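**Student:** Since chain A is already given, all that's left is putting chain B on it; use the hints.
Protein sequence lines, in the order shown, are assigned to chains A and B.
Residue 272 is where the first sequence ends in my numbering, and the numbering goes up by one at each step.
Residue 684 is where the second sequence ends in my numbering, and the numbering goes up by one at each step.
Everything labelled a hint here was simulated from the structure, so no lab data went into it.
Note that the structure is a prediction, hence the values are computed from the model and not measured.
The beta-carbon is built from N, C-alpha and C at its ideal position, and this holds for glycine as well.
Misleading hints may appear alongside valid ones.
[Stated by the list, open to error] Here are some chain B residues pointing at chain A (derived, C-beta under 7 Å):
hint : residue
1    : 389
2    : 391
3    : 394
4    : 464
5    : 466
6    : 568
7    : 583
[Said to hold, decoys possible] The list that follows gives simulated cross-link-like pairs (lysine to any residue, SDA-like), each with its CA atoms no further than 20 Å apart:
hint : chain 1 : residue 1 : chain 2 : residue 2
8    : A       : 74        : B       : 579
9    : A       : 118       : B       : 581
10   : A       : 242       : A       : 257
11   : B       : 427       : B       : 328
12   : B       : 319       : A       : 135
13   : B       : 300       : A       : 142
14   : A       : 81        : B       : 581
15   : B       : 319       : A       : 163
16   : A       : 81        : B       : 580
17   : A       : 36        : A       : 217
18   : B       : 300       : A       : 192
19   : A       : 216       : A       : 243
20   : B       : 300       : A       : 118
21   : A       : 242       : B       : 580
22   : A       : 81        : A       : 114
23   : B       : 300       : A       : 70
24   : A       : 118       : A       : 93
25   : B       : 550       : B       : 562
26   : B       : 319       : A       : 257
27   : B       : 319       : A       : 160
28   : B       : 300       : A       : 140
29   : A       : 74        : A       : 91
30   : A       : 242       : B       : 451
31   : A       : 118       : A       : 137
32   : B       : 319       : A       : 74
33   : A       : 81        : A       : 123
34   : B       : 300       : A       : 139
35   : A       : 74        : B       : 580
36   : A       : 74        : B       : 389
37   : B       : 300       : A       : 113
38   : B       : 319       : A       : 258
39   : B       : 319       : A       : 138
40   : B       : 427       : A       : 70
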Amino acid sequence: MSDRITARFNALKAEKRAAFVTFITAGDPDPDTSTKLLARLPKAGADIIELGMPFTDPMADGPAIQEASLRALKAGANMHKTLEMVADFRKSDTDTPIILMGYFNPIMAFGVEAFVEKASSSGVDGLIVVDLPPEEDAELRVPAAKAGISIIRLATPTTDDARLPRVLDGASGFLYYVSVAGVTGTSSAQDSDIEAAVTRIHAASDLPVAVGFGIKSPKDVGRIGQLADAAVVGSAIVAQIKANLDETGQARPGLVDAVSAFVHTLAEGTRG
Amino acid sequence: MTTAGAENGATKPNSFRTGPDDQGHFGKYGGRYVAETLMPLILSVEKAWHEAREDQKFLDELDDLLEHYVGRPSPLYFAERLTEHLGGAKIYMKRDELNHTGAHKINHAIGQVLLAKRMGKTRIIAETGAGQHGVATATVAARFGLPCTVFMGAKDMERQKPNVFRMRLLGADVRPCHSGSATLKDAMNEALRDWVANVDDTFYVIGTVAGPHPYPEMVRAFQSVIGREARAQIMEREGRLPDSLVACIGGGSNALGLFHAFLDDPDVAAYAVEAAGKGIETGEHAAAIAGGTPGVLHGNKTYLLQDDDGQIIEAHSISAGLDYPGIGPEHAWLADMGRVNYVSATDHEALEAFQLCARLEGILPALEPSHALAQVIRMAPELPKDHLIIMNMCGRGDKDIFTIADILGVDL
Chain A
1 MSDRITARFN ALKAEKRAAF VTFITAGDPD PDTSTKLLAR LPKAGADIIE LGMPFTDPMA
61 DGPAIQEASL RALKAGANMH KTLEMVADFR KSDTDTPIIL MGYFNPIMAF GVEAFVEKAS
121 SSGVDGLIVV DLPPEEDAEL RVPAAKAGIS IIRLATPTTD DARLPRVLDG ASGFLYYVSV
181 AGVTGTSSAQ DSDIEAAVTR IHAASDLPVA VGFGIKSPKD VGRIGQLADA AVVGSAIVAQ
241 IKANLDETGQ ARPGLVDAVS AFVHTLAEGT RG
Chain B
273 MTTAGAENGA TKPNSFRTGP DDQGHFGKYG GRYVAETLMP LILSVEKAWH EAREDQKFLD
333 ELDDLLEHYV GRPSPLYFAE RLTEHLGGAK IYMKRDELNH TGAHKINHAI GQVLLAKRMG
393 KTRIIAETGA GQHGVATATV AARFGLPCTV FMGAKDMERQ KPNVFRMRLL GADVRPCHSG
453 SATLKDAMNE ALRDWVANVD DTFYVIGTVA GPHPYPEMVR AFQSVIGREA RAQIMEREGR
513 LPDSLVACIG GGSNALGLFH AFLDDPDVAA YAVEAAGKGI ETGEHAAAIA GGTPGVLHGN
573 KTYLLQDDDG QIIEAHSISA GLDYPGIGPE HAWLADMGRV NYVSATDHEA LEAFQLCARL
633 EGILPALEPS HALAQVIRMA PELPKDHLII MNMCGRGDKD IFTIADILGV DL
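Just chain A, same shape as in the assembly:
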């Protein structure tokens, strides 16, 4: 398990607040803008960063993150550049955990062993691979564990009591509770349902629980922060990137400032 993830959750526990987790796609809308934005996220209030690995066919994502992936690819993103972005980020930030999030095919194409090695040396702390359920993740989980990289498992509203032990067996870092049965950036769950799910997971595991899907506003972040150990915002941030593109799809000069400001307002939710 990654030291940085543990250290961050321990520190926040001492502060008695939940972690605020942000998602952006690596290379969206272009390599330079994305690198600058990534560097700004901790100052804007991100406690943990999820960085999307672009993929042509993100079948668990809604339109916002699909478009982000395609924008990044169009601007030349690839796995090498994603890992370089992380290495670059680590030059100025050695504390903020970075979780790479995406689909298995680009990892497989890179070569699992080579990927894990490069991810580790670049300063990656965890991996969320959406289409790699526990039944299939050994080929990545085993080498990742050796390199000190956590495989973050996902639990969902369909993860019943019979399924939960399978999800927890081999989980590390934290557990990501996908609060909605659906794709990213669509609907939101009821607080009572989230609370029940988090309680159930806490009873079965010592891992911190992060809740994502449908969290869009500072108020949402604040509420979820009361219910869980971390609140994740993805599509809403990615939508701010899109809102700061010109007619030709290029980043407007103020994009990094505007998106950072939005992230800052969200972060205030956990610091209420």
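**Tutor:** Below, chain B without anything else, positioned relative to chain A:
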């Protein structure tokens, strides 16, 4: 022969018909690469399917529908004039284009909708490329009174207008997919997105021997009726097994349907014909085995058209039904094992084959099996007259007349 080492492709297994293993793997291919939200559902589909296939009542209902609703068995037809014209091997066609709805897709649509009903699901979704699977699914959904949503690439909707209209007449909600290449792979992405959001009431009827386990095995089971019939029919007609089987392959449902009953007969050669589009060398093709590498997409590990970074490359074929950058995982394994020969035919060769078949046999083949015909036309003249070929005529060409008119410069 030995089973040892078969998993890594080193040696051939005792049987080619026993896969997948209980985790859904054919050698290193297959598996269940889906979002966690879908896992419990996928596991329940597997459980329900394994119970259903042991349940005589389920099998009887399936057989009854195949006989009286679909019109099975489909004939095994001796293509006398094509055989004479090519001057070599004796060519038989397995006439699955005579099935209700005009293609083999109805075989697995009925099976899956019966399973959906058995599981208490009340809504059907499907993806479609050429529209044949969509039409078949919409048909069976109508027959059982279930609402049906079909996802279809916007580009495919344009080139397969008659099938879009047919699905709508059957009461289906046909939803265009504009993302990516706006073809079959994007329709499958959208269907998976819909399914993940509607896990409680929805059954996803997958249109080929691909997707997460148990779909490759289940669709194969429903399609292998083609090969079982063909085997009995050729024994009756010729008193012996065929020498060669030929079928086109996109995802590979009709090919596996024909081949599966013969996989353990080492003297029966099998040829699966991928769509070479404008030519493998141009990069504009849909031949996952000839031009792809192993990867993970749409729930399974298999050969995919992809770049060095693992990004999926858009496939190209004149035939919407073959226009997919992957292939069923069992085919990936059979290719590695060398049991099936994976060859290809270009758009141009398929068109020529279409026209020849129309004029010589009075059959308008779909553009998909026209690829298989192109392989028959290539190999038959070189073979002796007592060489028996069974080609799978898996779909009829009525749906393609607009595409073909367009290419031939005819204004309808």
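**Student:** Confirm or reject each hint.
**Tutor:** Verification of the hints:
| no. | hint | result |
| --- | --- | --- |
| 1 | 389 | violated (21 Å) |
| 2 | 391 | violated (15 Å) |
| 3 | 394 | violated (16 Å) |
| 4 | 464 | holds (5 Å) |
| 5 | 466 | violated (9 Å) |
| 6 | 568 | holds (5 Å) |
| 7 | 583 | holds (5 Å) |
| 8 | A:74 / B:579 | holds (14 Å) |
| 9 | A:118 / B:581 | holds (15 Å) |
| 10 | A:242 / A:257 | holds (14 Å) |
| 11 | B:427 / B:328 | violated (42 Å) |
| 12 | B:319 / A:135 | holds (16 Å) |
| 13 | B:300 / A:142 | holds (17 Å) |
| 14 | A:81 / B:581 | holds (11 Å) |
| 15 | B:319 / A:163 | holds (15 Å) |
| 16 | A:81 / B:580 | holds (13 Å) |
| 17 | A:36 / A:217 | violated (23 Å) |
| 18 | B:300 / A:192 | violated (43 Å) |
| 19 | A:216 / A:243 | holds (15 Å) |
| 20 | B:300 / A:118 | violated (25 Å) |
| 21 | A:242 / B:580 | violated (28 Å) |
| 22 | A:81 / A:114 | holds (14 Å) |
| 23 | B:300 / A:70 | violated (30 Å) |
| 24 | A:118 / A:93 | holds (18 Å) |
| 25 | B:550 / B:562 | holds (14 Å) |
| 26 | B:319 / A:257 | violated (52 Å) |
| 27 | B:319 / A:160 | holds (16 Å) |
| 28 | B:300 / A:140 | holds (15 Å) |
| 29 | A:74 / A:91 | violated (27 Å) |
| 30 | A:242 / B:451 | holds (17 Å) |
| 31 | A:118 / A:137 | holds (19 Å) |
| 32 | B:319 / A:74 | violated (42 Å) |
| 33 | A:81 / A:123 | holds (14 Å) |
| 34 | B:300 / A:139 | holds (11 Å) |
| 35 | A:74 / B:580 | holds (15 Å) |
| 36 | A:74 / B:389 | violated (44 Å) |
| 37 | B:300 / A:113 | holds (17 Å) |
| 38 | B:319 / A:258 | violated (51 Å) |
| 39 | B:319 / A:138 | violated (23 Å) |
| 40 | B:427 / A:70 | holds (19 Å) |
Checked against the numbered hints above, the structure breaks hints 1, 2, 3, 5, 11, 17, 18, 20, 21, 23, 26, 29, 32, 36, 38 and 39 and satisfies the rest.
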